[in-house]
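Protein chains: 2
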Amino acid sequence: MLLLADRCDRQLAARLEDELDQVGRRFADELASDLPCVNVLIEHIERYRGKMLRPTLALVSGMAASAEQGGAMPPSSLALRVIATVVEMIHMATLVHDDVLDEAETRRRGDTVNRLKGNETAVMLGDYLISHAYHLCSSLEMPAVSRLISASTNVVCEGELLQLANRGNRDLEEGVYFDIIRRKTAVLCATSCQAAAVLQGAGPTIVAALDTYGEKLGIAYQIVDDLLDLMGEEGTVGKSLGRDLTQGEMTLPLIHFRQHALPAQQQRMEAVLGEDVRCRLNSSTGPEAMLAVRDLIGETESLDYARYWAKSLVEEAGSALMVLPDSPARQFLLDTADAVLTRPC
Amino acid sequence: MLLLADRCDRQLAARLEDELDQVGRRFADELASDLPCVNVLIEHIERYRGKMLRPTLALVSGMAASAEQGGAMPPSSLALRVIATVVEMIHMATLVHDDVLDEAETRRRGDTVNRLKGNETAVMLGDYLISHAYHLCSSLEMPAVSRLISASTNVVCEGELLQLANRGNRDLEEGVYFDIIRRKTAVLCATSCQAAAVLQGAGPTIVAALDTYGEKLGIAYQIVDDLLDLMGEEGTVGKSLGRDLTQGEMTLPLIHFRQHALPAQQQRMEAVLGEDVRCRLNSSTGPEAMLAVRDLIGETESLDYARYWAKSLVEEAGSALMVLPDSPARQFLLDTADAVLTRPC
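As they're listed, the protein sequences go chains A and B. Quick note on numbering: the first sequence equals residues 1 to 345 in the working numbering. Quick note on numbering: the second sequence equals residues 1 to 345 in the working numbering.
Some hints here could point you the wrong way.
[Claimed, not checked] Partner residues are not named here, just some residues of chain B that face chain A (Cβ under 10 Å, in silico):
#  : residue
1  : V100
2  : G118
3  : N119
4  : V123
5  : M124
6  : D127
7  : S131
8  : S139
9  : A144
10 : S152
11 : D171
12 : E173
[Unchecked claim] Straight-line distance between alpha carbons at most 20 Å, and here's what the computed SDA-like set of lysine to any residue pairs gives:
#  : chain 1 : residue 1 : chain 2 : residue 2
13 : A       : K117      : B       : R170
14 : A       : K117      : B       : N166
15 : B       : K117      : A       : R167
16 : A       : K51       : A       : L228
17 : A       : K117      : B       : G168
18 : A       : K117      : B       : G248
[Said to hold, decoys possible] If you want the footprint, here are the derived chain B segments under chain A, 3+ residues with CB under 8 Å:
#  : segment
19 : 36–50
20 : 211–217
Because the hints were derived from the structure by calculation, they are not lab data. Ideal Cβ positions, reconstructed from N, Cα and C, are used throughout, including at glycine.
Can you make the complete structure from the sequences, with help from the hints?
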């Protein structure tokens, strides 16, 4: 389950594994319905569960924030577990709805809900997940945390809508790209860390530090995700690839290419992609076009540019944590940020 | 805005109109984004706003519950308005997602979001509305109310998933039909009434009475909605009709027909609908098939049966209110239930 189970403190790893198991059980218990047709769907999407990055961020941030208080306050495990479950449910909802948006067929080496049961069921299943996330969150009886979580999902939806509004916009500015990924991906990571710190009663400096850490890590994560979508191998990554280009969504290497590649390279790219990149890549020549795009990008510094951005953001994420006292939990968060750069999927 | 502005107490009507105006403004204010591409969508769906049934139920239930306490406690207008806005946002989200589910093209005489901007944007806009509803709800700092609202949306999603699982099931049992419409429609009406009573600090008898009233009214409302979808005129109703049949969803008159019509009538219906009702009704002969279905249903008592159910439920809704003291607000709720039976759209 963990990004770095082999490298981190053994006691922490054991506790985290136990906590994540409990999160998994709570996830399933909360979503169980009296309707068999609903339970079949829940069982299906449980296969989507992957690295559990967001619950991990919440749990370990809670531990790190608690360490900051010299252990004076015992970590409120139950509430932390609730928040970890809530952010996983929200993330799962975004995956299910994203698959509808992307017309994706594969997710974690299995069929997507939309492929299996149709878009309609995928839309409603996503709604069911969102609703249960808020329902569970309100059981904490901490309106400030509910407000934090829902403010975060407001921004996630804005990010998705901004991305949709820019589909097919080949002149997407770098600033808008960063705004999209900050909203659609990074904010939920930031909130996972921040809400956990709030739950532990951490002071404003620590809350802000964990918020910054989560946001920087989240942006880096999405840049790497976009790199994998462009350059990865489907067999390794385990989900449909080339989706960004197929949907006409510009990512960092392509934005850089468009701004910095030589005129001859730009022309060759235009020739490969044609007028509407989506039509071209959905056609029978799609896989060849994808390879040609990769070759062209590979000739330039655009991939390195994106990797450099990811690396810088991971460093900034780590720096933000320096206001926290040294602890195995803080070290785990630092290692997690590093692992974003080398993740295979 | 009101179902029965001409019949109800003038003072109450004036107050309600003012309250609904404020709900409308709060709705727009809460959804305003720093992203122009989001605001364009919000402006579009504000045209969807119709009768505002659910906010009306919440506001007037709050008044009726407050009257029960002999006016000892002033109605907490701000909190009531928040709940009224929240239930309208949730309802709007279900409309936007329903239109994706139904592939609908028209809503309140305008284009649906999915027709105008694609399914993807409609999915995300619905999510944005849901998220903002919970965000606003948590501003009340009353976790019990947040829990009530999110428990309600859990059930709404179950109802939609149960309906989807039964698409094309021509042997749908009456009990399952009632379970679907109770969940997908009635529960949010019930919660609108119930949450308002809870906010006013009403006792358990009054809370339960308003809950029952809302649920019975909601079931009746959906039966009438289904009757309009089958028998109404598009020009009067203002949205795409015949959607239930086109999507292979059985409603009360058709379930009754299938169980009680003469064998010859059943055979004629089979001949009209063919093996897959959806394909048949989506074909060029769709409008003719729809007329033939109407004629056939009209020969039987199936429409009267559905109308009888709606009427009985409205009576039960009214009976539930008898534990509340007489007040203009209670009278308004009784009249609103009656109006469900005669609504043109």
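Okay, the hints, checked on the actual structure:
{"no.": "1", "hint": "V100", "verdict": "6 Å, holds"}
{"no.": "2", "hint": "G118", "verdict": "8 Å, holds"}
{"no.": "3", "hint": "N119", "verdict": "7 Å, holds"}
{"no.": "4", "hint": "V123", "verdict": "5 Å, holds"}
{"no.": "5", "hint": "M124", "verdict": "5 Å, holds"}
{"no.": "6", "hint": "D127", "verdict": "5 Å, holds"}
{"no.": "7", "hint": "S131", "verdict": "4 Å, holds"}
{"no.": "8", "hint": "S139", "verdict": "7 Å, holds"}
{"no.": "9", "hint": "A144", "verdict": "8 Å, holds"}
{"no.": "10", "hint": "S152", "verdict": "9 Å, holds"}
{"no.": "11", "hint": "D171", "verdict": "16 Å, violated"}
{"no.": "12", "hint": "E173", "verdict": "14 Å, violated"}
{"no.": "13", "hint": "A/K117 <-> B/R170", "verdict": "19 Å, holds"}
{"no.": "14", "hint": "A/K117 <-> B/N166", "verdict": "12 Å, holds"}
{"no.": "15", "hint": "B/K117 <-> A/R167", "verdict": "12 Å, holds"}
{"no.": "16", "hint": "A/K51 <-> A/L228", "verdict": "16 Å, holds"}
{"no.": "17", "hint": "A/K117 <-> B/G168", "verdict": "14 Å, holds"}
{"no.": "18", "hint": "A/K117 <-> B/G248", "verdict": "15 Å, holds"}
{"no.": "19", "hint": "36–50", "verdict": "holds (count 3)"}
{"no.": "20", "hint": "211–217", "verdict": "violated (count 0)"}
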